[in-house]
Amino acid sequence: TLDVLSKITLEVMAPVDKPLPPGPIIGAATATEPEVVVSESGIVADGYISGARVFRDENENETFDAGENFVITNAAGEFAGLGGSANKPIVADGNNGTAVDTSTGSVFNAVLSAPAGSKVVNPVTTIVNELMQDSTSGVTTVAEANLEVAQVFGMEAVTSAGIDFTKFDPISKKTFSDDGTSTAIADNNLADITQGVATFVANLIVSGAAEKSREAGGDAAVLANTTKAIIGNIKDMVKTKSTASAQFDNN
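Quick note on our numbering: the sequence shown kicks off at 1 and runs consecutively.
Careful, some of the hints might be misleading.
[What the hints assert, rightly or not] Once the Cα atoms are required to be at most 30 Å apart in a straight line, the calculated DSBU-like pairs of lysine-lysine come out as:
hint : residue 1 : residue 2
1    : Lys239    : Lys173
2    : Lys173    : Lys88
3    : Lys88     : Lys239
4    : Lys174    : Lys88
[Claimed, not checked] Taking CB as the label site, the calculated pair distances span:
hint : residue 1 : residue 2 : range
5    : Ser103    : Ala161    : 23 to 29 Å
6    : Ala75     : Asn203    : 21 to 27 Å
7    : Thr240    : Ala75     : 35 to 41 Å
8    : Asp65     : Ser135    : 19 to 25 Å
9    : Ala221    : Ala143    : 21 to 27 Å
10   : Thr240    : Gly180    : 31 to 37 Å
If you're looking for bench data, these hints aren't it; they were derived computationally from the structure.
Quick reminder that beta carbons are idealized off the backbone N, C-alpha and C, glycines included.
Could you put together the complete structure from these sequences and hints?
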């Protein structure tokens, strides 16, 4: 298992300086007007992130832009009242270095995301969203992305139980419905498996961002861009390994 972890870590961390893909141009012509959400709620978790900026990524560039609807998470990492286009991803950032991971007390400078309609934004949903945003992945639905992530990271038991990563908080061991109501899961082991992968992904992101900061003396913007590059590397690894039917053993 340690050999597998080391290999995955090397694959993910190697090209952290590769350029980020540009997002689509906002305002492009569409056949219909986007559906507008009056209010959407959820939770941001690595540990729970207090003071994170949660925004509707209208142009899908994973960066907060003027005019995009946003809200700020409370001390429990919860957000509510997020507006914007219902078919656009949800992104959470460090709000210019003011967000805090309540589990560690550390400043949160990463960028996490989740597909439209998600109730949870965490490292696992970020990989799910990245796969859906990649036009070469062949993944077009949340269910497809969930299955690919589960296959590579050894979480098939979770998806086989009908759990959707974008509506599952493994810290509280609860699933969420579209109206925000929660239900405790029966098998706590499924939460432990999922949180183990979330922690592994988060550690890759944090260690990579810290290394980049030491090299370049990076500010919050540099750290956020490094985070995006590392997440992109993880997504590419998942895409490649799921195609080859490879699997990550988290035991």
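Taken at face value, is the distance from the CA of Lys88 to the CA of Lys174 at most 30 Å? 24 Å, holds
Taking 21 to 27 Å as the hint, is the beta-carbon distance of Ala75 and Asn203 inside that range? Hint holds: Cβ distance 24 Å, inside 21 to 27 Å.
Hint check for Ser135 and Asp65 - Cβ pair distance inside 19 to 25 Å: 21 Å, holds
Within 31 to 37 Å or not, the Cβ separation of Thr240 and Gly180? For Thr240 and Gly180 the Cβ distance comes to about 36 Å; the hint holds.
Taking the CB of Ala221 and the CB of Ala143, does the distance hold inside 21 to 27 Å? Violated, since Ala221 and Ala143 (Cβ atoms, about 34 Å apart) do not stay within the stated range.
If you draw a straight line from the CA of Lys239 to the CA of Lys173, is it 30 Å or shorter? Status holds; Cα separation ~27 Å.
Against the 30 Å threshold, does the CA-CA distance of Lys173 and Lys88 hold or violate the hint? 26 Å, holds
Taking the CB of Thr240 and the CB of Ala75, does the distance hold inside 35 to 41 Å? 39 Å, holds
Hinted pair, alpha-carbon criterion (30 Å max): Lys88, Lys239. Please report holds or violated. 22 Å, holds
Just tell me: holds or violated, for the beta carbon distance of Ser103 and Ala161 against 23 to 29 Å? Given about 25 Å between the Cβ atoms, the range holds.
Consistency with the previously given hints fails for number 9 only.
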